[in-house]
Amino acid sequence: MSVQGALSPVGPEPAPVRSGAAPVRDDVEHGDARRRRVLVTTVSSDAHTWNLVYLQKVIEELGCDVVNLGPCVPDDLLVSACLEHRPDLVVVSSVNGHGHQDGLRLMRTIARCSELSQLPVVIGGKLGIDGGADEDRPAELLRAGFRGVFEDSPASLGQFRSFLARLPSRAEP
Amino acid sequence: MREGLLATRDVDATTIGTITLDSYTRVGDLGAAAQALAAGEGLNGYPIVTHPRQVTGDMLAGVVSEDFPVQVRHGSARPLDIIAAMTGTRLTATEGGPVSYCLPYGRVPLRESVRNWSRSCELLAGLEEFGLRPHLETFGGCMLGQLCPPGELVALSLLEALFFRAHGLRSVSLSYAQQTHPGQDAEALAALRRLAAELLGPTGWHVVLYAYMGVFPLTAAGARALMDDAAALAVRTGTERLIVKTVVESMRIPTVAENVQALLAAAGTARRTPRPLDGAGPVPEASPTEIYCEARAIVEAVLDLDDDIDRALLEAFDRGILDIPYCLHPDNRGRTSSFIDDSGRLRWAETGGLPVRPSVPFGKSPTVTSSDLQAALTYVSRKYDGQAYEPCGPTYLEQQEEQHPALGRAAAAGAPSQGPGSGGRPSVPVHRTNAGGTHRGTAGADGDAVRLPSGDVPWTGTSETDARGM
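Residue numbers (the numbering used here), protein chains in the order written: chain A, 1 to 173; chain B, 1 to 470.
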């Protein structure tokens, strides 16, 4: 079963990098230790996709490869995708207002998988139905294990870009 | 629900009713729908599979008639239970398609959607044995709501109509959603009609125009102007049915009053727009346009793959002969993209495996950047908001109620809108269909419909919407 969104499988020669269709390369096998792999996903209840399409482009423009799981991602599908693709970072983007609750549940599922214990996961978007009024939300999500919380605001995209720039390069296995 | 339908029926215009299903029912989570109903919790639509047929029948008694048909809207990739629930309730019309309700909003495999939709079509077509006239509308003309070039929208709408016909449905309608340029949209609608006549024959079909389904203007004046353009476009092109939105589309779920006001406004604009002199549709001998040629090439390339349209659709997506720009479904190849050119027309950047040519100007890269995407997504809202600024609020609606007494009655029947952020539940569940939407405007939202007074119009249309609230 393919867990890729808009991506083609690896071919015998690298395909040209195109927005929205970047090939996934196994950096370790091809010896390129610097391109980071980011997995873009959303929570299980969220059918929105423009945020995911946009984020993929932003992340690719910052020099990373992206695996995009698309809408309505069940928790266990995300876990199996992480085990398969071994990303350097998981970005959860949700805009339907359920990201806070679904995100907490998702993090509990990820935490049960010992192989993913070092995997950084961040979350952003419109995570509640109150327009960002819950001041405790970021703290609660960070306590749950998210490495960054980027709730929708004029500053959040810039903050996310800075976070991504500071992400360590892909490590050897 | 019943009050909303009646308010829509009583609008001083030719309107059609809608029942939109709740999101649990849409995704087949009948347990959750039943649980919510039993607990008395508010649902964001009508749980038609959970309610006994008698309940639905009672709700519709005195509402549905020859003059006021009601369409069931659901957004489901697997609608068989929904179609089955419709049988025996006087509801005979619904909409969607194996591609358009599978690829944009979820991850049901396309193979499964095609299988379920083929059985659903056959079940719906079987209603003819009871003297009924089942009708199915394609949603393929609205793929993703925005940024799909018109040639592919027209092709998808036709392909879904052919799928419906292949599975027994004789009365169908073809959707097309207003995009970024009225001239391009008029060309697309003409191409749709021309291809429909060639492939579906002279009768048993009509066209429905959806008002813009992408990121919506923030201002009331901008929204009204966009809706006016939709109504005018429909009349100029001989389109038989129009689905409109309200001025609050970008902010929240509308009230019954706002829905009624939108219908009245559209009807008013439609009445004032001059009709084409030669009646509905283009002159058949007119030279083929670029969009017609593109749509025809895509349809032919798909149909050439297999005599069985179910298999042809699956193979087309597998090979990338059909490929929806920016669609993240695992069964979409994802090798196409689009952009808005300097004239405001929607163009192909990357064309993947489609039998069409890209339109990238000489010397420019076909890559669509994040900034390009952001600009394209907000193009229409910015364009219409730039024309005038007027805040949308209670004052505006009060003015409308003075001019249209029907609104006052509707307002009395309706509760104030419960926006996505409030968490409350309206007492009259009549809102906006919002397939995956938020208050910032969405792909896949539809709205109220006006059936345009254009002569012998077959049964069509929907009005009054329920929300899939967020």
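I should point out that these hints are in silico values taken from the structure, not numbers from a laboratory.
Think of the CB as a built atom: it goes at the ideal place given N, C-alpha and C, for glycine as much as any other residue.
Treat the hints with care, as some may be off.
Computed spacing ranges between beta-carbons, pair by pair [as the list claims (entries may be wrong)]:
1) A:128 to B:31: 34 to 44 Å
2) B:38 to A:111: 42 to 52 Å
3) A:105 to B:132: 54 to 64 Å
4) B:197 to A:105: 31 to 41 Å
Which residues of chain A face chain B? A few of them, derived with a C-beta cut under 7 Å, are [to be verified]:
5) 44
6) 45
7) 47
8) 54
9) 57
10) 58
11) 70
12) 75
13) 110
14) 113
If you only want the chain A side, here are some residues facing chain B, beta carbon under 8 Å, derived [as the list claims (entries may be wrong)]:
15) 52
16) 71
17) 140
18) 159
Hints, verified against the model:
| no. | hint | result |
| --- | --- | --- |
| 1 | A:128 to B:31: 34 to 44 Å | violated, 26 Å |
| 2 | B:38 to A:111: 42 to 52 Å | violated, 34 Å |
| 3 | A:105 to B:132: 54 to 64 Å | violated, 45 Å |
| 4 | B:197 to A:105: 31 to 41 Å | violated, 52 Å |
| 5 | 44 | violated, 10 Å |
| 6 | 45 | violated, 9 Å |
| 7 | 47 | holds, 4 Å |
| 8 | 54 | holds, 6 Å |
| 9 | 57 | holds, 4 Å |
| 10 | 58 | holds, 5 Å |
| 11 | 70 | holds, 3 Å |
| 12 | 75 | violated, 14 Å |
| 13 | 110 | violated, 19 Å |
| 14 | 113 | violated, 21 Å |
| 15 | 52 | holds, 6 Å |
| 16 | 71 | holds, 6 Å |
| 17 | 140 | violated, 19 Å |
| 18 | 159 | violated, 16 Å |
Taken one by one, the earlier hints fail for this structure at numbers 1, 2, 3, 4, 5, 6, 12, 13, 14, 17, 18, listed in ascending order.
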